[in-house]
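Combine the two chains into a complex, taking the hints into account.
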Amino acid sequence: MSDELDLINAAKAGSVDAFTELVRSYRDRLLRFLLTRCASYADAEDALQDTFINAYRYLHSYNSQWRFSTWLYRIAIRNAGKLRTSHVTEIGELRDDESDPLIQCIADSERENLWRSARRLLSDEVYSAMWLRYVEDMSINDVAAVLERSNSWTKVNLMRGRRALDAELNRGGPTKESEAYG
Amino acid sequence: MDKLAKQLREDAAKIDVEVSAQLDDRIRASLQGVTPERPRENLPPVKPRSMWWASSLTGIGAAAALILVMNLNGPEPVAPQNESFVPVLTPDLIFERAMMTEPLEQELEDLEADLKKAEEAVKKEIGIFP
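Protein sequences, first through last, are from chains A and B. The letter at position 44 of the first sequence is residue 44 when you use my numbering, and the numbering goes up by one with no holes. The letter at position 12 of the second sequence is residue 12 when you use my numbering, and the numbering goes up by one with no holes.
Only chain B is shown next, with the shape it has when bound in the complex (with noise of 0.2 Å):
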């Protein structure tokens, strides 16, 4: 044993306890009230093991009977709509797009009318027409 080892070892004994008669006379009676916790006993199985095809085809006509259940009900009724519900307003797109491209169109028109112009004084420069 190494000197530490040693030296806590004496001095954990050189810690004085002792426990006292009425303390010794609390746990006595303190046991005496005490009723001990008896271990589970193992519950018997619900069923034999054997049953577990009983268990399946149990469960397999549970689900066929919700499903027919499910399908004899018809259609689902149409939710009732919201009384709150508050339509939101889309901007008349249509009309927007009209405003925008009118003044493009515009363009267009000019310029096709400046061509036929340009067209014609060429075709007069050079003598097509009469």
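So that you can see chain A by itself, here it is in the shape it has in the complex (with noise of 0.2 Å):
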């Protein structure tokens, strides 16, 4: 966490170099969750790349008080959500499996990936809230920070996506109950 913070203040001080090793140590993270998140593969690169290029210009504006990650999950979520809207599609419509960037990155399994029901599930949001706590571990206070929203929002959502997933595992289909949540 100390590297992490060094790294950002020389990153401050105009070091490109040491943005690049903060760049190596999120890139695959953030790329994984990109893909959740947009239409193609390329655009989830695009929405990568303008995540750090945003990043390192307005690193000024990072407050050590939060997580590195969380700001920078933030902005990611912020690039993906413009490329969605310049592209006018609704992750919902646009995905079969040829197409689908996820489906790509995900090995044959007997059950459906959870992630993959999630995204069928869930609002973006609520998903968005899911991946951040279950797969990056954020307290609920980081997750909420990402999102932009209240604590008791996040909480509340949180366990709706719970209740909607555990649905869909114990039975090994989506229900109409599980459908509406989110």
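These aren't lab readings, by the way, just hints derived from the structure by calculation. Any given hint might turn out to be false.
Derived DSS-like pairs: lysine-lysine, alpha-carbon spacing no greater than 25 Å straight-line [to be verified]:
id, chain 1, residue 1, chain 2, residue 2
1, B, K3, B, K14
2, B, K6, A, K155
3, A, K155, B, K3
Just so we're clear, the structure is a prediction, and the values are computed from it rather than from any experiment.
Written out as structure tokens, the structure is:
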């Protein structure tokens, strides 16, 4: 953590190499997340690139009281949203197995990947909240900060997301009730 | 960790993603071309805070000058009449009122005449008049 802070301070002082180190430690995680939020692999790559460019450009505004990942994910979500707005497509509409960048990156399995189910059942925000909480291990505070929501909103929607995915996991298929969540 | 959380984590790990060398180069090249924005430096105050009274005096002086100038200009010129003004035609209410009350006045005169005749007839009967 202190290494990360050193790198951030060096990058703030103008060191591109220090920032490149930060990029290296976050790029795969962020790409995996963006892949689930973007319409195509190319879009996810563009969003990743924009995220790092914006982060470097506005690094002076980063407040070290927050985790760096929290700040970075916030930028990433905004960039993914911008790309989606410019393409004017809804994630749910465009995905069939051949064009879905997520399914291309998931090895064949008997059971559907839960994140794919999550994308079908949950709204974008609830999906992101679930990802940040259970994959990135963020605290409720951090998740709320990334999504720019209140803590109570985050708690309630994490619970709804869990309930929907629990039903999916136990039944092996979506239910009408679970589709209404989020 | 509960079953769902564990499953979510495992399924996320199954999403096999790695940043390609091309994308890595692209990001690095983009970063070289970016100039980080510098935080805005605090601008020095235009005037010292102890000079608030000077601002107040200037404001009062300006207000007094404005009042003086406005009073020296004399009475306000009469606004020219707008040529496109269309006068509103009002009905002749007096005439109308006369027309309406004339029958009532006539009626009153007739009643008064009848009353006078009746009075004279009564006086004649009781012998007041010769």
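Inset, instruction - Hints the structure violates: just list their numbers, smallest first. - result: No numbers; nothing is violated.
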